[in-house]
Amino acid sequence: MKYRITAATAVLAAGALSLSACSSSDDGGTGGSSAGAGDGDYSGETLTVMHYEGDESAMGIAWNKAIEIFEEETGATVDLQTTAFEDLNASAQQLFDSSDAPDVSEYNKGNGTAGQLAATGVILPLDDAYETYGWADKLSAGIDTIAKYDENGVMGSGSWYGVPNYGEFVFLYYNQDMFDEYGIDVPTDEASLEAAMEAFEAEGVTPLTTSAQEYPMGQLWYQLALSQADRSWVDAYQLYTEEVDWTGPEVTYASSTLEDWVGAGYISGDASGMTAEDAGLQFINGEAPMFYSGSWWYGRMLSDITDFEMGITNWPGTTLTPGSGGNIWVVPVESKQPELAEIFIDVTMRPEVQALLGESGGLPVAADTADITDADAQALIELFNEVNDRDGLSFYPDWPTPTFYGDLNSVMQGIVNGDVSADEANTQLMDYYESYVADLR
Amino acid sequence: MTAVAQAPAPAPQSSGKDRRNKARPRTPAEWVMLILAILGALAIVFPMLLLLLNAFKSPQDYANSGPLDLPQALSFEGITTFWETQNFPRALWNSIFISTMVAIIAVVVSVLNSFAIGIGRVRGRTWIVLVFLMANLVPQEMLFDPLFRLYDDLGLLSNPWSVILTFVVIQSAFGTYLLSSLLGTFPKEILEAASVDGATRWRTLRSVIVPIVRPTLSVLMVFFFIWTWNEFLLPLAFLNTSDSLTVPLLLEQLNGERQTDTTTLIAGTLISIIPTIIFFLIFQRTLTRGITAGAVK
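Line by line, the protein sequences are chains A and B.
Using the working numbering, the first residue of the first sequence is number 1, and each one after it goes up by one.
Using the working numbering, the first residue of the second sequence is number 1001, and each one after it goes up by one.
Isolated chain A (complex conformation) (with noise of 0.2 Å):
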């Protein structure tokens, strides 16, 4: 394998140059003569590439694309291994380190995640990529926080571990059926989503569904949470700059806020036995006006709702939402042929490719929004953009430490259950996140 990365590395230059020439002039035939060596240099290699998208996804829909361009313009193959989230959780530690390890992946973003493989160096930096294609300037504020890890693993600062792709943010989906039957506004600000939730529970039907047992109502408490919070808030609960106030106006008002809306009968007691999948068909079967969830919903919920309009919009009154760039690109350090990996990363940073992503119902990071024409998809890319330009992104509830997850669904149990009060939730809440972070910090 050896000979091969030296050969590799002799034309990197070359290679590289006349590609991004490739890219910046979109007929590539008048680049022919000089990007023809360059070509020519990778004919007979492959590119083992893999990810866990399905093929019907929006992000499977341009990774195919993407490919196409890739084998096209580089000569090479695609060896495509699609694998499922999980599997890849579980191996990837000792995948990406040995001789059966894709040349580029992509892999789950994060501090347990991929900052736990750019810690222990089962990932390579790409610094020199970075530069090199100028991927920075294409991802904004917010997006690239996932792309870079420290030496410890957490994200935020550090060298450029990862190439995110798409994004993903968490908003309000409603029934307007519903909405219009029992002559309801949608609501824009708070107080009229409590009087909204107020009318719904007086007709007898639970205005929100959620589910404890999975991420959407930890969700949901993180969302009401940054509805009080500010920029430096997230900084201390995600990146550790500071200590975070367990007693503060944030946590309690987002603990206190969801007893009173399970104890008022805005959140079915129910919820705490619910999966996502559960609370989503809830939605989805007209049972209930509003689900609040991420983006990853969209296109099931366009191809799944027959029976009623279905409409989406911010969660009222906050400027902070929790969302955050998608799933990165990785090269694993056993990658046995880094430079292409690096070239085909571009090519899925390219216009065309995350146009189309937009076009299937993704959240592109690097389009040209008036390349997209589907009216959905638009709905969709408007929304994210009015949260970045308010650069709302604040990530997820559950990345400080490895088993938040767990431990704030199980609070959130608690909650639904009546088990534990507001102030025994957050009490509880800060042992669990102070065990692992005051480590850290």
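Hints were generated in silico from the structure; no laboratory data involved.
Think of the CB as a built atom: it goes at the ideal place given N, C-alpha and C, for glycine as much as any other residue.
A portion of the hints provided could be inaccurate.
Now the in silico label distances, taken between C-beta atoms and shown as ranges [what the hints assert, rightly or not]:
id	chain 1	residue 1	chain 2	residue 2	range
1	A	T120	B	R1201	18 to 28 Å
2	A	D79	B	F1097	18 to 28 Å
3	A	G286	B	F1046	21 to 31 Å
4	A	G317	B	I1273	15 to 25 Å
5	A	P249	B	I1273	53 to 63 Å
6	B	L1150	A	E86	54 to 64 Å
7	A	S159	B	M1142	29 to 39 Å
8	B	F1279	A	E86	25 to 35 Å
9	B	F1046	A	R231	50 to 60 Å
10	B	A1041	A	P249	36 to 46 Å
11	B	D1145	A	D230	40 to 50 Å
12	A	S159	B	D1145	25 to 35 Å
13	B	D1069	A	E181	48 to 58 Å
14	B	A1041	A	D177	38 to 48 Å
Here are a few chain B residues that face chain A, going by a calculated C-beta distance under 8 Å [to be verified]:
id	residue
15	A1063
16	N1064
17	D1145
18	P1146
19	D1152
20	L1236
21	A1237
22	G1256
23	E1257
24	D1261
Covered, in the sense of this in silico footprint (three residues per stretch, anywhere, with C-beta under 8 Å from a C-beta of chain B), are these stretches of chain A [what the hints assert, rightly or not]:
id	segment
25	83-95
26	274-285
Since the structure of chain A is provided, determine the placement of chain B on it from the hints.
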């Protein structure tokens, strides 16, 4: 399954039993047993029923109806998506190859081991058996990393032999344990008769012992096959390329990070249990015969 398994055993008496049943009404205890058996059978059939009901729904239909509702229209979307996106025949072949090899090799190894321990009565056999049993007691999570590195060095990753080697060791450890205690009680007279007839040890094993314990060996083989078929964690670690996957790993591929295409998963599960049912139908006799043979011993 238990009902089926027990039925052939008391075959000679069954005609007499029938007459007795006709002669007098069932006692309350018998009624209770009957109802319990029916409930048990229903509980076993229920998941299959769910699979059948939901495999033929379109994703929209599935989202808009309960899991127990009949499909609105027969949809083969899930099945076709599964068939088109996943290489099921390849995974089926991988599973059959791995499980068969493990079943055969592990039984041969078990017989050889237990011949030494059970018949040969080597010194410290209890401890040896205990050491063998350790292979079964060690949690697989512990084997994950060292074995992964070992097979990486040997160049056996994504190669079926990595899984075969691992499970031959694990299964034959159990087989050795079981067969050793069985052969420890093997009638001495038979062995003496064999040696009087001038049989070598090898001949005794091949022509005397193996034929006598054959029913037990077939049961072991079937069990090894099924256990290996259902293995998940270690194959997950060793088999990484898409054409080396086994059937359980292939089904896992259908689970998304946050979203799962449930109808495709259900359709895939339905397709993947068909070979298991065929396997059961073929080996059902072996299973029941083996169980009774073991019981008589």
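Against the structure, the hints:
1. A:T120 / B:R1201: 18 to 28 Å: 53 Å, violated
2. A:D79 / B:F1097: 18 to 28 Å: Once the Cβ atoms are compared, 22 Å apart, the range 18 to 28 Å for F1097 of chain B and D79 of chain A holds.
3. A:G286 / B:F1046: 21 to 31 Å: Between G286 of chain A and F1046 of chain B, where Cβ atoms are some 28 Å apart, the hint holds.
4. A:G317 / B:I1273: 15 to 25 Å: 51 Å, violated
5. A:P249 / B:I1273: 53 to 63 Å: The hint (53 to 63 Å, Cβ to Cβ) holds, given that P249 of chain A and I1273 of chain B are roughly 55 Å apart.
6. B:L1150 / A:E86: 54 to 64 Å: Since the Cβ atoms of L1150 of chain B and E86 of chain A sit about 24 Å apart, the hinted range of 54 to 64 Å is violated.
7. A:S159 / B:M1142: 29 to 39 Å: The hint (29 to 39 Å, Cβ to Cβ) holds, given that S159 of chain A and M1142 of chain B are roughly 33 Å apart.
8. B:F1279 / A:E86: 25 to 35 Å: With a Cβ separation near 27 Å, F1279 of chain B and E86 of chain A satisfy 25 to 35 Å, so the hint holds.
9. B:F1046 / A:R231: 50 to 60 Å: 52 Å, holds
10. B:A1041 / A:P249: 36 to 46 Å: 59 Å, violated
11. B:D1145 / A:D230: 40 to 50 Å: Check passed, 43 Å falls within 40 to 50 Å.
12. A:S159 / B:D1145: 25 to 35 Å: 26 Å, holds
13. B:D1069 / A:E181: 48 to 58 Å: Violated: the Cβ-Cβ distance is about 24 Å, outside 48 to 58 Å.
14. B:A1041 / A:D177: 38 to 48 Å: 44 Å, holds
15. A1063: 4 Å, holds
16. N1064: Hint on N1064 of chain B: holds, closest Cβ of chain A at ~6 Å, below 8 Å.
17. D1145: 6 Å, holds
18. P1146: Since the shortest Cβ distance to chain A is 10 Å, the answer is violated.
19. D1152: Hint on D1152 of chain B: holds, closest Cβ of chain A at ~4 Å, below 8 Å.
20. L1236: This interface hint holds because 6 Å falls under the 8 Å limit.
21. A1237: 5 Å, holds
22. G1256: Constraint on G1256 of chain B satisfied, holds at 6 Å.
23. E1257: 4 Å, holds
24. D1261: Hint holds; D1261 of chain B Cβ to chain A Cβ min 7 Å, cut 8 Å.
25. 83-95: holds (count 9)
26. 274-285: Per the Cβ count (5), the hint holds.
Hint violations for this structure: numbers 1, 4, 6, 10, 13 and 18, all remaining hints satisfied.
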